[in-house]
Structure formats: C-alpha cells, structure tokens
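Number of protein chains: 2
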Amino acid sequence: MTATEIVAGVRAGKTTCEAVTRACLERISAREKEVQAWAYVNADQAIAAARAIDKSGSKGPLTGVPFGVKDIVDTEDMPTEWGTPIHKGRQPERDAACVALSRRAGGLLLGKTVTTEFANLHPGPTRNPHDLSRTPGGSSSGSAAAVADFMAPLAIGTQTTGSTIRPASFCGVIGYRPTWGEHRLHGVMEASGSLDSLGILARSVEDVALYRDVLLGIAPEPIPTLDRPPHIAVCKSHIWDRFEPNTRTLVEDAALRLARAGAHVSEFDLPADFERLNEAHRWISSFEFARTFTWEIEHHWDEISDTLRGGRLKDGIGGDFDRYVASKRIAEECRIRLDDLWGDIDVLLTPAAFGEAPAGFQAFDGVPMFQLWTILHVPAITLPVFRGPAGMPIGAQLVARRHDDRNLFACAQWAYRKLM
Amino acid sequence: MTATEIVAGVRAGKTTCEAVTRACLERISAREKEVQAWAYVNADQAIAAARAIDKSGSKGPLTGVPFGVKDIVDTEDMPTEWGTPIHKGRQPERDAACVALSRRAGGLLLGKTVTTEFANLHPGPTRNPHDLSRTPGGSSSGSAAAVADFMAPLAIGTQTTGSTIRPASFCGVIGYRPTWGEHRLHGVMEASGSLDSLGILARSVEDVALYRDVLLGIAPEPIPTLDRPPHIAVCKSHIWDRFEPNTRTLVEDAALRLARAGAHVSEFDLPADFERLNEAHRWISSFEFARTFTWEIEHHWDEISDTLRGGRLKDGIGGDFDRYVASKRIAEECRIRLDDLWGDIDVLLTPAAFGEAPAGFQAFDGVPMFQLWTILHVPAITLPVFRGPAGMPIGAQLVARRHDDRNLFACAQWAYRKLM
Numbered sequence: 001m002t003a004t005e006i007v008a009g010v011r012a013g014k015t016t017c018e019a020v021t022r023a024c025l026e027r028i029s030a031r032e033k034e035v036q037a038w039a040y041v042n043a044d045q046a047i048a049a050a051r052a053i054d055k056s057g058s059k060g061p062l063t064g065v066p067f068g069v070k071d072i073v074d075t076e077d078m079p080t081e082w083g084t085p086i087h088k089g090r091q092p093e094r095d096a097a098c099v100a101l102s103r104r105a106g107g108l109l110l111g112k113t114v115t116t117e118f119a120n121l122h123p124g125p126t127r128n129p130h131d132l133s134r135t136p137g138g139s140s141s142g143s144a145a146a147v148a149d150f151m152a153p154l155a156i157g158t159q160t161t162g163s164t165i166r167p168a169s170f171c172g173v174i175g176y177r178p179t180w181g182e183h184r185l186h187g188v189m190e191a192s193g194s195l196d197s198l199g200i201l202a203r204s205v206e207d208v209a210l211y212r213d214v215l216l217g218i219a220p221e222p223i224p225t226l227d228r229p230p231h232i233a234v235c236k237s238h239i240w241d242r243f244e245p246n247t248r249t250l251v252e253d254a255a256l257r258l259a260r261a262g263a264h265v266s267e268f269d270l271p272a273d274f275e276r277l278n279e280a281h282r283w284i285s286s287f288e289f290a291r292t293f294t295w296e297i298e299h300h301w302d303e304i305s306d307t308l309r310g311g312r313l314k315d316g317i318g319g320d321f322d323r324y325v326a327s328k329r330i331a332e333e334c335r336i337r338l339d340d341l342w343g344d345i346d347v348l349l350t351p352a353a354f355g356e357a358p359a360g361f362q363a364f365d366g367v368p369m370f371q372l373w374t375i376l377h378v379p380a381i382t383l384p385v386f387r388g389p390a391g392m393p394i395g396a397q398l399v400a401r402r403h404d405d406r407n408l409f410a411c412a413q414w415a416y417r418k419l420m
Numbered sequence: 001m002t003a004t005e006i007v008a009g010v011r012a013g014k015t016t017c018e019a020v021t022r023a024c025l026e027r028i029s030a031r032e033k034e035v036q037a038w039a040y041v042n043a044d045q046a047i048a049a050a051r052a053i054d055k056s057g058s059k060g061p062l063t064g065v066p067f068g069v070k071d072i073v074d075t076e077d078m079p080t081e082w083g084t085p086i087h088k089g090r091q092p093e094r095d096a097a098c099v100a101l102s103r104r105a106g107g108l109l110l111g112k113t114v115t116t117e118f119a120n121l122h123p124g125p126t127r128n129p130h131d132l133s134r135t136p137g138g139s140s141s142g143s144a145a146a147v148a149d150f151m152a153p154l155a156i157g158t159q160t161t162g163s164t165i166r167p168a169s170f171c172g173v174i175g176y177r178p179t180w181g182e183h184r185l186h187g188v189m190e191a192s193g194s195l196d197s198l199g200i201l202a203r204s205v206e207d208v209a210l211y212r213d214v215l216l217g218i219a220p221e222p223i224p225t226l227d228r229p230p231h232i233a234v235c236k237s238h239i240w241d242r243f244e245p246n247t248r249t250l251v252e253d254a255a256l257r258l259a260r261a262g263a264h265v266s267e268f269d270l271p272a273d274f275e276r277l278n279e280a281h282r283w284i285s286s287f288e289f290a291r292t293f294t295w296e297i298e299h300h301w302d303e304i305s306d307t308l309r310g311g312r313l314k315d316g317i318g319g320d321f322d323r324y325v326a327s328k329r330i331a332e333e334c335r336i337r338l339d340d341l342w343g344d345i346d347v348l349l350t351p352a353a354f355g356e357a358p359a360g361f362q363a364f365d366g367v368p369m370f371q372l373w374t375i376l377h378v379p380a381i382t383l384p385v386f387r388g389p390a391g392m393p394i395g396a397q398l399v400a401r402r403h404d405d406r407n408l409f410a411c412a413q414w415a416y417r418k419l420m
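Line by line, the protein sequences are chains A and B.
For the first sequence, the numbering used here puts the final residue at 420, and the numbers step up evenly by one.
For the second sequence, the numbering used here puts the final residue at 420, and the numbers step up evenly by one.
It should be emphasised that the hints constitute simulated quantities derived from the structure, not laboratory data.
Incorrect hints may have been included.
Put simply, identical chains are the same to the list, so a pair is met inside one copy or across any two.
[To be verified] 25 Å max Cα-Cα, derived SDA-like pairs, lysine to any residue:
(1) 59 with 11
(2) 88 with 185
(3) 314 with 389
(4) 14 with 57
(5) 88 with 76
(6) 236 with 47
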C-alpha cells in the first residue's frame with residue numbers, strides 16, 4: 001500500500017497502524033538478511049509506537065504511515081551513526097525537525113536506514129533489491145532499497161550531489177529532491193550546507209507530494225490538476241554524451257510517447273558555460289565538507305575510509321577559498337539566468353542516471369549528471385519508468401523551476417501515467 | 001591583550017597560554033557575579049587544557065588564545081543548553097565545526113557564554129558591563145559582555161537578525177557578521193537557516209580578521225592595505241527616522257570626520273522598495289524557526305517563554321508557505337539588485353543600533369534596523385566609536401558587498417583609527 005492508501009485505510013477504520021507496521025516488519029524480517037537496508041529496526045519498539053498511534057486517535061495527514069529515516073538524521077529514541085564507526089552508538093537527545101514533523105503528522109518511525117559513510121560515496125552493506133549483486137546507489141541507499149522492496153512506503157533521504165535521485169533510479173522508486181532551502185535540516189548531519197537538502201523516497205507521486213507538505217510543516221494540498229498537457233523540454237546538456245547510448249534512446253523514446261499523449265515537447269539547451277557548474281559543485285561541496293568534519297579529521301582520521309580521504313576530503317582540505325567563493329558566484333549567476341530561460345516550459349526531461357545500477361558494491365559515482373541540477377537548487381523528481389539492458393530500472397528525471405515543486409508534481413503525475 | 005598580541009607573545013616565549021588563561025579566569029572570578037556572561041566555565045578544566053596547549057608546542061594561528069563560545073554551539077567537553085531549561089545538561093558528543101577549527105588553530109576554549117533562549121529575544125542573566133542596570137543586548141549577550149569586560153579576547157556569537165551587531169554595539173566591542181553562507185554552522189543550533197551566520201566579538205579589527213580566517217579553515221592573511229582612502233557612503237535608508245536623534249547626529253558627524261581624514265564620503269539610498277525586506281525577514285525567520293523547533297513545540301511547549309511563544313513562534317506556527325516563498329524571492333531579488341548598485345563605494349556607514357543599551361533586562365528588540373542587512377546577506381562590522389547621552393557605547397556599522405569581507409576589514413581598520 002502507498003502512504004496515501006494507508007492514511008485513507010486507517011481513517012476509514014479498515015486497517016490500523018499496528019497492522020501496517022506488522023506487515024512492514026514481516027517484509028523486513030523476510031528480506032533484510034539479503035537487502036540490508038536498515039541500520040536500526042526494533043520490532044517491539046515499532047509495534048509499541050504503532051499501538052500508541054492507534055490509541056491516540058490521531059487524525060494527522062500521515063496517521064498510521066510507517067516511514068524510514070536515513071541514519072544521518074537525529075532521532076531521540078534510536079541511534080544515529082552517520083554510516084561511520086566513529087559515531088557508533090551515538091544517541092541524540094531530540095528528533096530532527098523532519099522526524100518531529102513526521103511524527104506530529106501521525107507517522108510511525110519504523111527505523112533508521114543505511115547511509116553511505118557521512119552520506120558520501122563509501123558504501124554501506126545495502127544491496128539492490130532488484131539484483132542483490134548490484135549496488136543500490138548512494139548515499140540514501142537504505143531509504144531507496146527499503147521503499148523499493150516494500151519494507152516501508154516512505155523514507156527520508158538527503159541529497160548533496162545525487163544522493164536521492166541516484167539510489168531512486170537504481171532501485172526503481174520515485175525519488176524527489178525539493179527546491180533547495182525550503183525544508184529545515186535541523187538535526188540532519190550537514191555535508192555541504194550550500195547544497196544539502198532533504199530527499200523523499202516513495203512509490204507514488206501522491207505520496208511524495210503529501211510527504212513534502214508534511215515536512216514543510218504545512219497543511220497538505222492535493223496535486224493541482226493541469227489545465228492542459230504540460231510543456232516538457234528534453235534537456236541534453238553538455239553531459240549528454242556521457243549517458244549510456246541505451247539511456248539516451250530511452251529518454252528520446254519517452255519524449256516521443258509524451259508528445260503522442262498530448263504534451264508539448266521541445267528541446268532545451270543549457271547555455272554552454274553552464275558546464276562550469278560541475279567544477280563549481282566540486283569545489284563548493286569539498287571545501288564545505290572538509291570544514292564541517294574538522295572534528296572527525298582531527299580526532300578520527302584513521303577511521304575515515306580511503307574513498308573519502310582520497311576523494312572529497314582531499315579536494316577540500318587543500319581547498320582554495322577564492323576558488324570556493326568564485327564557485328558560489330558562478331552557481332548563483334547560473335541560477336538567476338536559468339530563471340529567465342524557462343519561458344512556458346513546465347519541466348525539463350533528462351535521465352536520472354547514466355544507466356542502470358552497476359554490478360558490485362564499489363563507491364559509485366556518476367557525479368557529473370547530479371552536480372548540475374543540485375547546484376542549480378531546482379526541484380527534481382525521478383520516475384521509475386525505464387529498464388536497462390540487464391532489466392534493471394532507470395529513472396526519467398523531471399526538473400522544474402525553483403519553488404515550482406507543486407507544478408513539478410502535477411507534470412510528474414501526468415507523465416508517469418503515460419510512461420508506466 | 002588582543003588575540004593577535006597573545007599569539008605573538010606566546011610564539012616569542014614572552015607568555016604562555018596558561019598565564020593568559022589564568023588572567024582571564026581571574027577577571028571572570030572578580031566580575032562574573034555581577035556580569036553573568038558565562039553559562040559554563042570550569043577553571044581547572046581550562047587550566048589543564050591551556051597547559052596541554054603549551055606543552056604541545058602548537059604553532060597555529062590562534063595558539064594560546066582563550067575564546068568563549070555562545071551556548072548554542074556544540075562542545076564535546078562542556079554542556080550546550082541553548083539558553084533553555086528544556087536542554088538543561090545537554091552534552092554533545094563532538095565539537096561544532098567552528099569550535100574544532102578554533103582548537104585546531106591552537107585556541108583555548110575557555111567556556112560557554114550566555115545566550116538568550118534559543119538565540120531569540122527572551123533574555124538570559126547577563127548584564128551590560130558598562131552599566132549593570134542595563135541590557136547587554138542579545139542574543140549573543142554573554143559573548144559580547146565577556147569580550148567587553150576583558151574576560152576573553154575573542155568570542156563566537158551568531159546572528160539571525162541582530163544577535164551579534166546589537167550586543168556588540170551595546171557592550172562597546174567590535175562585532176562582525178560575515179557574508180552569509182561562508183562559515184560552516186555544523187553543530188550550531190539552527191534558528192533560521194536562510195539567515196543564520198556565525199558572528200565574532202573582539203576588541204580589534206585585526207583579531208576579527210584573524211579569527212574569520214581561522215573559522216573558514218584557511219591560512220590567515222593580514223588585512224590588505226588600502227591604496228587610497230576608502231569611498232564610504234552614508235546609508236540612511238527607510239528606517240533613518242527610527243534612530244534616536246542623537247544617534248543620527250553621531251553618524252553624520254562621523255561622516256564629516258572621515259571626509260576630513262581623506263575618505264571619499266557620499267550618500268547612498270537603498271531603493272524605496274527595499275523596505276519590503278523588513279517583512280520578508282519577519283516571515284522567513286518565523287516560518288523557519290517554528291519548523292526547526294517542532295520537537296520542542298510538541299514536547300515542551302510549557303517550558304518555552306511567553307516572549308517566544310507570543311513572538312516569533314506565533315508568527316511562525318501559523319506562517320503561510322506562499323508568503324514564505326514570496327519573501328525568499330524578494331530577498332534574493334534585492335540581493336542581486338544591490339550587487340549592481342555599489343559602483344565604486346567600498347562600504348556603507350550606518351548606525352549599529354537605534355541608540356544606547358536601554359535600562360532593564362526586558363527582551364530588547366530594535367529589529368527593523370538589523371533585519372535589513374542580515375537578510376541582504378552582506379558582511380557587517382560594528383566599531384565602538386560613539387557614546388550616547390548616558391555615556392553608553394553605540395557602534396558605527398560598516399557594511400560591504402557580499403564576499404567582500406576582506407575589503408570591509410581594510411576600511412574598518414582605516415575608519416576605526418580615524419574615529420577612535
């Protein structure tokens with residue numbers, strides 16, 4: 001069941017939070033040994049909390065819905081370990097804003113999902129539920145795998161580069177990265193404050209829209225109805241050649257199908273100098289990351305992975321401040337210019353990943369494709385509508401103007417129905 | 001001694017971190033009962049840490065310098081209580097980025113300074129060292145009072161509205177609010193992420209410049225030398241009539257003196273519609289604040305002050321999302337427009353507060369004056385160069401372009417010497 005269906009079922013007295021939670025726990029019990037999506041689940045604790053919700057008569061917009069939370073998000077009753085042995089057993093004294101907002105809305109915190117180390121590239125134990133020999137993608141690995149494997153209808157992730165869109169694409173679920181800056185990150189581990197945002201993993205666009213409003217602390221509104229089919233522009237950009245040929249074909253075919261379904265489909269090219277955004281993302285994220293984690297670098301250097309020490313930390317520790325500021329200026333300039341380029345385009349269509357999830361569990365990158373949209377602060381959603389050569393899912397990504405998240409959902413819902 | 005003098009003294013073997021720390025502790029011991037600047041100081045702990053620094057032979061840019069930290073900033077070896085009984089005894093497991101960066105540079109964490117409740121308006125026990133019957137201003141009350149009263153040469157504050165500039169002006173020290181977004185806030189309590197920044201309280205411009213670089217995690221550079229006297233524009237703005245007449249006269253006189261000293265002095269008017277920024281600040285800060293503290297609102301409502309419940313939380317809990325987004329758009333638009341209005345102006349000159357610190361300890365506001373520069377994300381520094389009718393200090397505030405903090409320091413140093 002989706003979150004929306006659970007809320008309706010609980011409200012109508014057709015099911016209970018306890019029953020739904022037990023179903024999730026059974027699925028976890030059956031599959032977790034293989035998928036390893038969870039950093040922490042305590043079945044007794046979850047059932048007791050579910051009973052308390054049932055007993056409370058809560059009529060919140062999320063009442064009865066079990067949700068998972070990436071293990072970089074503070075929870076008052078569960079450890080929060082950031083995917084690193086350095087913070088093994090760390091127990092926050094309060095809930096992060098997003099967890100408190102979810103619980104206030106009647107949601108049931110099912111457990112903590114596996115994150116890569118510090119939400120960077122070094123992988124956790126999670127495997128792709130569609131093929132256990134493949135990566136689920138990171139860094140919100142457990143959140144994507146848990147939702148994909150029907151262990152939870154909803155999960156919170158985060159995104160600093162591609163940490164929500166990438167695992168959603170690889171695991172075949174919907175992943176949403178909101179307009180930067182709208183959701184509070186209080187109690188969420190910072191990676192790079194200028195780029196970080198929450199992410200939502202779900203199995204329906206309605207659920208994403210519902211949960212987005214819950215996490216904004218506002219009364220949820222239904223997805224608006226489009227008064228005409230959307231204007232969808234295929235955006236190839238300077239990294240088009242780096243997508244796998246099969247992925248490029250899938251996107252071009254999807255554009256044709258959407259046009260046949262009535263959409264106004266066009267092509268949109270980012271200005272050539274937007275390619276500077278890839279380097280800008282690299283220098284902003286690494287400069288900030290290396291300062292954020294000064295305490296860990298000073299006291300626990302030996303417990304940090306080679307992946308991280310030789311990657312983002314290496315970039316960041318020697319990071320040049322003038323280059324950092326120049327990168328921030330480039331980013332802001334491109335955001336402002338992009339605002340003026342949309343015309344009557346509703347959303348851009350672009351792949352959500354270079355291709356399907358690769359075999360193995362090495363730190364998987366594919367960064368250039370994610371840097372672009374993340375640094376532009378635009379909202380993005382990936383829809384699990386493609387299959388790659390090995391039968392693995394690949395997402396179609398839709399991107400909208402900053403703050404235009406609700407219209408993004410309307411277009412995504414329209415497109416999802418046509419492409420499913 | 002200033003921080004710069006301490007570093008030089010320790011490096012030259014003329015003093016030790018222990019000796020300097022003992023001097024600070026003696027001053028605290030003599031004055032703290034009246035000033036109440038500190039939320040936590042443990043003399044034995046500080047002396048032991050100072051000895052360890054002396055023994056280490058550290059050659060960092062801050063070696064030997066005792067610093068205070070506002071009690072909304074996490075410290076691994078001292079409690080961090082956010083100025084609220086709700087978090088009494090809260091003990092973080094790691095240092096915030098700014099604390100770790102200070103310690104890495106050789107600084108000595110002397111203790112935690114008093115903050116108003118959640119860094120909002122409801123006051124702590126701190127009194128103004130210049131007149132114990134008057135407010136020190138907030139929210140970085142203890143940091144400003146400690147530096148003003150020679151208990152520490154440097155202290156970390158934060159600013160979401162006027163929380164560094166205000167207490168610095170009231171207590172007669174230098175207060176600096178950096179360009180928004182450059183310093184990491186990891187481990188610092190979020191109030192309103194779109195507006196929050198670190199702040200520095202100090203007694204010399206050199207110290208501010210030094211500590212700013214330390215907190216950026218970069219090698220400190222000396223303040224650049226101006227190749228000509230600066231172009232200083234007096235900015236009166238739409239709130240000029242709200243400054244006390246005496247304050248307006250002081251600023252106008254200062255402009256004359258700076259012109260006589262060789263500065264190019266002009267007048268600068270913000271565009272009339274920038275007055276929208278006051279309301280924009282109000283709706284952004286309250287919307288975000290009320291969501292950030294969802295956990296406290298849900299579980300500890302009765303322990304929150306009436307000041308906060310009836311002020312920012314009242315605004316925020318019922319906050320309208322569309323108005324929040326509209327406010328963010330206004331803020332961004334004004335930032336971009338201001339970038340183009342500077343011409344060859346180096347800095348704007350404006351008062352740092354409506355007037356001197358009022359008598360009593362009620363929640364002191366004076367918000368309109370701070371909202372403007374804070375929401376514009378520009379760097380600002382206040383210099384303790386004026387005296388009000390009661391003989392209390394008032395600051396002259398200089399404001400510069402975003403990311404132009406180093407030139408701001410150069411101009412501030414030049415102006416400070418002429419106005420002292």
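How the hints compare with the structure:
1. For the homomeric pair residue 59 and residue 11, the shortest alpha-carbon distance inside one copy (7 Å) is at most 25 Å, but the shortest distance between copies (65 Å) is not.
2. In the homo-oligomer, the alpha carbons of residue 88 and residue 185 lie at most 25 Å apart both inside one protomer (22 Å) and across protomers (23 Å), since each shortest distance falls under that limit.
3. For the homomeric pair residue 314 and residue 389, neither the shortest alpha-carbon distance inside one copy (36 Å) nor that between copies (55 Å) is at most 25 Å.
4. With identical chains, the CA atoms of residue 14 and residue 57 are at most 25 Å apart within one copy only, with a shortest distance of 14 Å there and 70 Å across copies.
5. Taking identical chains as interchangeable, the C-alpha atoms of residue 88 and residue 76 lie at most 25 Å apart whether they share a chain (15 Å) or sit on different chains (16 Å).
6. Taking the shortest Cα distances, residue 236 and residue 47 never come within 25 Å of each other, neither inside one copy (47 Å) nor across copies (61 Å).
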